[in-house]
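First residue of the sequence shown: 1, per my numbering; consecutive thereafter.
In case anyone wonders, no lab produced these hints; they're calculated from the structure.
Glycine included, C-beta positions come from ideal geometry on N, C-alpha and C.
Be careful, since some hints might not be right.
No farther apart than 25 Å at their CA atoms in a straight line, the calculated lysine to any residue pairs in the SDA-like style are these [as the list claims (entries may be wrong)]:
no.: 1; residue 1: K216; residue 2: K267
no.: 2; residue 1: K18; residue 2: T274
no.: 3; residue 1: K226; residue 2: H114
no.: 4; residue 1: K28; residue 2: K79
no.: 5; residue 1: K216; residue 2: E166
no.: 6; residue 1: K310; residue 2: S94
no.: 7; residue 1: K74; residue 2: N120
no.: 8; residue 1: K27; residue 2: P133
no.: 9; residue 1: K267; residue 2: Q234
no.: 10; residue 1: K294; residue 2: P312
no.: 11; residue 1: K27; residue 2: T102
no.: 12; residue 1: K74; residue 2: K96
no.: 13; residue 1: K325; residue 2: P68
no.: 14; residue 1: K325; residue 2: E130
no.: 15; residue 1: K189; residue 2: E15
no.: 16; residue 1: K119; residue 2: F230
no.: 17; residue 1: K226; residue 2: K310
no.: 18; residue 1: K310; residue 2: E322
no.: 19; residue 1: K325; residue 2: I290
no.: 20; residue 1: K27; residue 2: F73
no.: 21; residue 1: K79; residue 2: E130
no.: 22; residue 1: K96; residue 2: R147
no.: 23; residue 1: K216; residue 2: D278
Pair ranges (Cβ atoms, derived) [claimed, not checked]:
no.: 24; residue 1: K61; residue 2: K256; range: 31 to 41 Å
no.: 25; residue 1: R317; residue 2: I290; range: 43 to 53 Å
no.: 26; residue 1: F283; residue 2: V55; range: 45 to 55 Å
no.: 27; residue 1: R296; residue 2: E174; range: 16 to 26 Å
no.: 28; residue 1: K27; residue 2: A104; range: 17 to 27 Å
no.: 29; residue 1: K325; residue 2: Y262; range: 42 to 52 Å
no.: 30; residue 1: I290; residue 2: P60; range: 47 to 57 Å
no.: 31; residue 1: E260; residue 2: D77; range: 18 to 28 Å
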Amino acid sequence: MQNLLPDKIETLDREHWKYSNIKAALKKLETTEAPAVWEMTGAFDYLVPSGENIVHITIPKNKQIDQPIELTFKGEDGKRYMGQVVIEVEQGASVKFIERQTGAGAYWKNLDMHISVGKNASVEFYRLCEEDPFCVVTEFMTIDLERDARFRACAINGCSGFGRNEFTVNINGENAEADLSGLALLRGKQHGDTTVCVNHIKPHGRSSQFFKTILKDQSRGVYQGKIHVFKDAQKTDGYQLSNNLLLSQQAEMDIKPELEIYADDVKCSHGSTTGELDETPMFYLRSRGIPEDKARQLLIEAFVGEVLEKIPCECVRTMFDERVKLWLK
1 MQNLLPDKIE
11 TLDREHWKYS
21 NIKAALKKLE
31 TTEAPAVWEM
41 TGAFDYLVPS
51 GENIVHITIP
61 KNKQIDQPIE
71 LTFKGEDGKR
81 YMGQVVIEVE
91 QGASVKFIER
101 QTGAGAYWKN
111 LDMHISVGKN
121 ASVEFYRLCE
131 EDPFCVVTEF
141 MTIDLERDAR
151 FRACAINGCS
161 GFGRNEFTVN
171 INGENAEADL
181 SGLALLRGKQ
191 HGDTTVCVNH
201 IKPHGRSSQF
211 FKTILKDQSR
221 GVYQGKIHVF
231 KDAQKTDGYQ
241 LSNNLLLSQQ
251 AEMDIKPELE
261 IYADDVKCSH
271 GSTTGELDET
281 PMFYLRSRGI
291 PEDKARQLLI
301 EAFVGEVLEK
311 IPCECVRTMF
321 DERVKLWLK
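Go ahead and model the full structure; you've got the sequences and the hints to work with.
What follows is the structure, given as structure tokens:
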């Protein structure tokens, strides 16, 4: 696959790619089929050429869809998949999406998704990645929010050998809200990168970032979260938190929280924690006769539960909970 990327790619040398070496990940997939490389103007812009493989979804004005719409993307050994999804949710509409990433073998799957949420519209977006540990997955999601729009997303990532999930949220209208959360479950030599940038462009916007990572063996996790408040975005409320649990001395977690604020009347905060299981509750559970393995499992499930509790859709929450418990076993 060495012909997939030019020798020098300026966009990959930027600061927010410093923890994730996609060139090295792709080099391991040298047998993967790939057409010629197209000229690139931005990060991975060249991956969806000439309007190919683009899916358009429109939710009409004031349409209320209660049943989640499922989007499934499958990978196959030795292949490269590039696609683009454009979703337009018109004024006053409400919809839920479940994105499922599956596959078997060594492949590269890249997805570019753009979601436009109209005035007073609401979108819930849930992502479940069940990829092969030998694959490379890169996904870039851009969300544009108009006045009074609501967007909620939760992602559970637990499989790919190299994974990069990037969210860019633009709060383009007053009183819009974005709630982003996620859980990365990493083992072996897996690499999981979650990168988020929320641009508060208009006043009275609210955003929340809440991401957790559990790392086993020699896995490596990355979380980069940024809140960018523009000059006119007064009364912005931005929140950001990353909690990470190391279950191995060889695991590594890189964290880069950022605040870039140009307005003077805002409420913004960020924080992060990384460490092993707390010995105090472990000792308490052991003193009550609970075996060590069971005590560890209970503490890990409690750590995970804080993310799952943020999912209001019961059927999705149940599905995610089942997948997480399988991974924990």
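A quick look at each hint next to the structure:
Restraint check for K216 and K267: not satisfied, since their Cα atoms lie roughly 35 Å apart, outside the 25 Å limit. With a C-alpha separation of about 20 Å, the suggested pair K18 and T274 falls inside the 25 Å cut-off, and the hint holds. Between K226 and H114, the direct Cα distance comes to roughly 19 Å. Compliance with the 25 Å bound is thereby established for this hinted pair. For the hint pairing K28 with K79, the CA-to-CA distance comes to about 13 Å; that is within 25 Å, so the pair holds.
Of the pairs offered as hints, the one joining K216 and E166 holds, with about 23 Å between alpha carbons and a cut-off of 25 Å not exceeded. For the hint linking K310 to S94, the alpha-carbon distance of about 18 Å falls within 25 Å, and the restraint holds. Among the hinted pairs, K74 with N120 is inconsistent with the structure: their alpha-carbon atoms are about 33 Å apart, more than 25 Å. Taken as a hint, the K27 and P133 pair is honoured in the structure, with Cα atoms around 15 Å apart against an allowance of 25 Å.
Straight-line distance between C-alpha atoms of K267 and Q234 comes to about 9 Å, which keeps the hinted pair within the 25 Å bound. About 28 Å separates the Cα atoms of K294 and P312, which puts this hinted pair outside 25 Å; it is violated. For the suggested pair K27 and T102, the alpha carbons sit about 22 Å apart, so the restraint of at most 25 Å is met. Pair hint K74 plus K96 holds up; C-alpha atoms about 20 Å apart against a cutoff of 25 Å.
Distance hint between K325 and P68 is fulfilled; the C-alpha atoms sit about 23 Å from each other, no more than 25 Å. For the hint linking K325 to E130, the alpha-carbon distance of about 13 Å falls within 25 Å, and the restraint holds. Restraint check for K189 and E15: the C-alpha separation of about 23 Å stays at or below 25 Å, so the hint holds. Pair hint K119 plus F230 holds up; C-alpha atoms about 20 Å apart against a cutoff of 25 Å.
For the proposed pair K226 and K310, the alpha carbon gap of about 21 Å is at most 25 Å, so the pair holds. For the proposed pair K310 and E322, the alpha carbon gap of about 16 Å is at most 25 Å, so the pair holds. For the proposed pair K325 and I290, the alpha carbon gap of about 19 Å is at most 25 Å, so the pair holds. Among the hinted pairs, K27 with F73 is consistent with the structure: their alpha-carbon atoms are about 23 Å apart, no more than 25 Å.
About 17 Å separates the Cα atoms of K79 and E130, which keeps this hinted pair within 25 Å; it holds. The suggested pairing of K96 with R147 holds, with an alpha-carbon distance near 19 Å, which does not exceed 25 Å. Between K216 and D278 the CA atoms are separated by roughly 16 Å; this keeps the pair inside 25 Å, and the hint holds. The supplied range of 31 to 41 Å is met by K61 and K256, whose beta-carbon atoms lie about 40 Å from each other.
In this structure the hint that R317 and I290 lie 43 to 53 Å apart at CB is violated, the actual value being about 26 Å. Checked against the hint of 45 to 55 Å, the pair F283 and V55 passes, with Cβ atoms roughly 52 Å apart. Range check, R296 to E174: Cβ separation about 47 Å, and the 16 to 26 Å hint is violated. Separated by about 21 Å at the C-beta atoms, K27 and A104 satisfy the suggested range of 17 to 27 Å.
Distance hint check for K325 and Y262: the Cβ-Cβ separation is about 44 Å, which falls inside the suggested range of 42 to 52 Å. In this structure the hint that I290 and P60 lie 47 to 57 Å apart at CB holds, the actual value being about 53 Å. Checked against the hint of 18 to 28 Å, the C-beta distance between E260 and D77 comes to roughly 42 Å, which is inconsistent with it.
The structure fails hints 1, 7, 10, 25, 27 and 31 (numbered hints given earlier, in ascending order).
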